[in-house]
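Trainee: Position chain B against the provided structure of chain A, taking the given hints into account.
Note that the protein sequences, when read in sequence, are chains A and B. If you use this note's numbering, the first sequence corresponds to residues 2 to 391, in order. If you use this note's numbering, the second sequence corresponds to residues 5 to 98, in order.
Because the hints were derived from the structure by calculation, they are not lab data. Values in this document were obtained by computation on a predicted structure and should not be read as measured data. Wrong hints could be hidden among the right ones.
[What the hints assert, rightly or not] Quick look at which bits of chain B chain A covers, simulated, 3 or more residues with Cβ under 8 Å:
1. 8-14
2. 52-60
3. 72-84
For every residue, glycine included, the Cβ atom is placed at its ideal position computed from N, Cα and C.
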Amino acid sequence: MASLTETSTATLSNEEILRYSRHLIMPEVTMEGQKKLKAARVLCVGTGGLGSPLALYLAAAGVGTLGLVDFDVVDYTNLQRQVLHYTSDVGRLKLDSAIDKLNAINPFVDIKRFDTYLNSQNAREIFSGFDIIADGTDNFATRYLVNDACVLSGKPNVYASIFRFEGQASIFATEAGPCYRCLYPEPPPPGLVPSCAEGGVLGVLPGLLGVIQATEVIKLILGVGEPLIGRLVLVDALAMRFRELRVRKNPECPVCGANPAVKELIDYNQFCGIRGEEGEAQTSDKIPEIQPEELKRRLDAKEDIFVLDVREPHEYQIVNIHGHLIPLGDLPKRVHELDSSREIVVHCKSGARSAKAVDFLRQSGFKRATNLTGGILAWAERIDTSLPKY
Amino acid sequence: MSIKILIPTPLRPYAGKQSIIEVTAQTVDQALSDLVAQHPDLRKHLFSEDGKLRSFVNVYLNDEDIRYLSKGATPVKETDTISIVPSVAGGVRP
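If we strip away everything but chain A, and leave its shape as in the complex, we get (with noise of 0.2 Å):
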């Protein structure tokens, strides 16, 4: 594959010389390749788990023009994991966050920021200022998005994404390489795969996820080595096994087949989520609620109130109100250890999980069930602000 930028005009000053030394021995990098890397313009989709690395390590080394897009702010649950952010950045933008540690590791870079929320109004003219786009995003609507735009914009997707001790890398959306949607044409319908916030990350994997996507955005840009288009890597950090997939170009690729069906950004909430949406909405309609003031009200009344959690025993471990702990996968098997004929109250950690439990419990006779509204973050939160949140 061609570097992206054959002769590059970048000057190198005497301290970036010195900076870039070990680099400049290198054969495969030199005068040359360094002056390509200050010449590079690559977009940080997120500056969350994978983003931090990625954006740490793209600075270090030199690449000119990093822009950044994000809208979030850092919360204490990211510092697990989102090394460019401090204890003392929660409550700011993680923009502003990052934007303060890569200019404090390498002034030379020229940071653009983008403080939005990446969206099929705004994407193509935000990718038009960069060579490379690489995805760290969280969620599927952005990522269909930014693969979309990657391809309508003829700019390779440099991809990684993550699920407790596992991720997933390729390169998408190259000339001749296959993109996103060759290797996953539709996204799945929420519910059916658990979210990371359900399910977890090990803080370390979006190192690993993040630093492989570093590595292949400067071979990208250096135009050497052999880059991850048409192979997907899977990392299990559980077993440390790396293995390889082979990802093909699907003639028939909506977007970057030879007919492509989709020719501009669509609706990607939609795309992703509208079935799911009016499930989870269908369900919430009929599912009857109540609110913890009025949960706490009537227990205190000693009212004769079953609490059960649906939650994980793991989840139980960090923070509970006493509930009787069945979790969802278990309901079906273990419902005898209910009494239909008394109310019971169903929570989980924010309210999804107990709704399912409820409609469930419902439909099995037990006419008596209702959810906590918010879940025990709500509980935490209105009522008992003592007990930890996760």
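Mentor: For chain B alone, coordinates are given in the frame of chain A:
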């Protein structure tokens, strides 16, 4: 014959928490049928209601996508490994 199916993390809760499951089969279809027979909870995660493999679940025989082999009819042999590779969005936000 007996071959291995590698189960990805998001699907392990529906597969008795196992990462590798041995099945008996001559083809990929038979291997997946044996898999969901052993672990019925997996069925809805792998197949849509009309019995088709879901479009966000890819099945590989060794390192090749079965869509580019003979799909479900692809024959399998003793040393083969089938991988189930669902799409994951990655990152962490509710």
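Trainee: Closer than 8 Å, Cβ to Cβ, for at least three residues: run that test on the stretch 72-84 of chain B against chain A and report holds or violated.
Mentor: violated (count 1)
Trainee: Has the stretch 8-14 of chain B got at least three residues whose CB is nearer than 8 Å to a CB belonging to chain A?
Mentor: Result for this restraint: holds, n = 3.
Trainee: Examine the stretch 52-60 of chain B: at least three residues should have C-beta closer than 8 Å to a C-beta of chain A.
Mentor: n = 3 at 8 Å, threshold three: holds.
The structure shown violates just one earlier hint, number 3.
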